[in-house]
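Peer 1: Letter by letter, the chains look like this.
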Amino acid sequence: MPVVSTRSAVCVLGRFPALAGADLDVAAGEIVLLSGPNGAGKTTLLRLIAGLLPLRSGSATVLGVDLRRDRRSHRRHLALVGHDTGCYDDLTVRENVRFGLRSAGADVRQADAAIERLGLAAQSGITHRRLSAGQRRRLALAVAFARAPRLLLLDEPHAGLDADGRALLDELLAAASSEGRTVILASHELERARALAHREVVVDAGLLHGGVLETIDGDVVAQGTKVEAAVS
Amino acid sequence: MTILSDALAVAGKDLRIEARSRVTLGQILPFGVLVLLLFAFALDPQSRLLPNVAPGLFWIAVLLAAVLAVSRSFAVESEHGARDALRLSGIDGASVFLGKAGAIVLELLALEVVLLIGTFGLYNVNVRGLEVLIPTAVAATCGIAATGTVYGILAAGLRVRETLVPLLVLPVTAPVLLGATRAFDDALTGSTGDAWPWVQLLVVFAAVYVTAGIVAFESLLEEA
Chain A
1 MPVVSTRSAV CVLGRFPALA GADLDVAAGE IVLLSGPNGA GKTTLLRLIA GLLPLRSGSA
61 TVLGVDLRRD RRSHRRHLAL VGHDTGCYDD LTVRENVRFG LRSAGADVRQ ADAAIERLGL
121 AAQSGITHRR LSAGQRRRLA LAVAFARAPR LLLLDEPHAG LDADGRALLD ELLAAASSEG
181 RTVILASHEL ERARALAHRE VVVDAGLLHG GVLETIDGDV VAQGTKVEAA VS
Chain B
1 MTILSDALAV AGKDLRIEAR SRVTLGQILP FGVLVLLLFA FALDPQSRLL PNVAPGLFWI
61 AVLLAAVLAV SRSFAVESEH GARDALRLSG IDGASVFLGK AGAIVLELLA LEVVLLIGTF
121 GLYNVNVRGL EVLIPTAVAA TCGIAATGTV YGILAAGLRV RETLVPLLVL PVTAPVLLGA
181 TRAFDDALTG STGDAWPWVQ LLVVFAAVYV TAGIVAFESL LEEA
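So the protein lines, in turn, are chains A and B. Residue numbers for the first sequence follow the numbering used here, beginning at 1 and rising by one. Residue numbers for the second sequence follow the numbering used here, beginning at 1 and rising by one.
These aren't lab readings, by the way, just hints derived from the structure by calculation. You may find that some hints are simply not true.
[As the list claims (entries may be wrong)] Looking from chain A toward chain B, a few residues come up when the C-beta cut is under 8 Å (computed):
{"no.": "1", "residue": "L63"}
{"no.": "2", "residue": "R75"}
{"no.": "3", "residue": "D84"}
{"no.": "4", "residue": "T85"}
{"no.": "5", "residue": "C87"}
[What the hints assert, rightly or not] Over the 12 Å line for every Cβ pair with chain A, so calculated as not near, a few chain B residues:
{"no.": "6", "residue": "A42"}
{"no.": "7", "residue": "L50"}
{"no.": "8", "residue": "E162"}
{"no.": "9", "residue": "R182"}
{"no.": "10", "residue": "S191"}
{"no.": "11", "residue": "A216"}
This structure is a prediction, so every number in the text was calculated from the model and none was measured. Using N, Cα and C, we set each Cβ at its ideal position, and we do this for glycine too.
Here chain A stands alone, though its shape is the one from the complex (with noise of 0.2 Å):
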């Protein structure tokens, strides 16, 4: 059973369709790199796996939840990075990371070993407030892998990162796939996101597969783009 399947899968925001008609299947412990230019919808997407935006038509079912009837119960086996960090200005690494564990129910004695993994031990006193960009973003993903999720939606991971943060995002994708973990991540670095995923999907004009992008009043701002599916 795919940990996550969408199949023609419609998200609105506003008027305009984001996603307009998403296929999707991803298996346990894969790393899939959606890739597209900027509005294509790749955010979209991985905020409707993570159940923040609601399906307008079509269905999605993610860690066996259909999300037509149910958009929260999934979320506390998953973790979103996305291009803010959902932390708190006056809260200190520890503080952060230890709410993050607390509200998942997670142990929050794994704070500390997820601090260090990510090389933020010396900042864990430290409130965000007074955090370089780099080390913001070593902190959203200290929050999201101390709670070991069955699935990991990563938005431009690695941007903001230094060279070494590079690399160590990389290991801990890495291993996150060989513990069985699905990492859905978008990115623009291709390079570097494609030595990494085992497969790769192209978002165009929020299609994954072919069709027509129309407002909701009906007008057609789009059509006939694509969607791919390769083995890297």
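Once you've looked at the hints, dock chain B against the given chain A.
Peer 2: Just chain B, lined up with the frame of chain A:
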């Protein structure tokens, strides 16, 4: 129970943020004191009017400060995508509601102690019914915090949330202003027997909004 322990985690997080950022202490508290001072200037401290209107002025100052506290409580969730992280955490909406409302209650109660001292000093009033004053303050504060938390999340996802929160919260809390003012008036004058129906009104108001928040907050959080 998970719901209560999750609520404590959320409240602890909010209180820790407030303790570190000192927004409540450095901005909301001085704002409340300033409102009391301005009323005193406007209504002439020498006149006999001030002690008579002191309960109402006190609760107006509390309500205005509460609007700031509610806005602040949801502003921290808007920064860096923290609200999405909270939604993804798996914490039940009822726990988030109870935690955030609970933190606001504690902040407002601390604020009310200072404002009460200010009211005694500036408006020349004394308490003759402490046994009414305390339950009134607790019930009114719970009602204000619960209402503010419900409407705070309604406005949280909007660009105009800072201006919308007072427009939503202040009219709805008019019964709290009325009940708390009357009960406080009775507590100050010593006619405590007349205060209990107003305290009951405050308890019912708080119970209604706490229940509404527990039931509806999950959906409101999803839509924010």
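Peer 1: A separate judgement is required for each hint: does it hold in the structure or not?
Peer 2: Verification of the supplied hints:
Restraint check, L63(A) versus chain B: the minimum CB separation of about 12 Å is more than 8 Å; hint violated. The beta carbon of R75(A) comes within 5 Å of a beta carbon in chain B, closer than 8 Å, and the hint placing it at the interface holds. Among the interface hints, the one on D84(A) holds; its C-beta lies about 3 Å from the nearest C-beta in chain B, closer than the 8 Å criterion. Annotation: T85(A) was flagged as interfacial toward chain B, and the flag holds, the nearest CB pair being 5 Å apart, inside 8 Å.
A hinted interface residue such as C87(A) counts as satisfied when its beta carbon comes closer than 8 Å to some beta carbon of chain B; here the least separation is about 6 Å, so the hint holds. Listed as a non-interface residue, A42(B) keeps its Cβ farther than 12 Å from every Cβ of chain A; the least gap is roughly 36 Å. The Cβ of L50(B) sits about 39 Å from the closest Cβ of chain A, beyond the 12 Å cut-off, so the non-interface label holds. Its beta-carbon lying about 18 Å from the closest one in chain A, E162(B) satisfies the requirement of being farther than 12 Å from that chain.
The claim that R182(B) lies off the interface holds: its Cβ sits roughly 39 Å from the closest Cβ of chain A, which is beyond the 12 Å cut-off. For S191(B), the shortest C-beta to C-beta distance to chain A comes to about 45 Å, beyond the 12 Å cut-off, and the non-interface label holds. Against the 12 Å criterion, A216(B) stays outside the reach of chain A, whose nearest CB is about 15 Å from its own CB.
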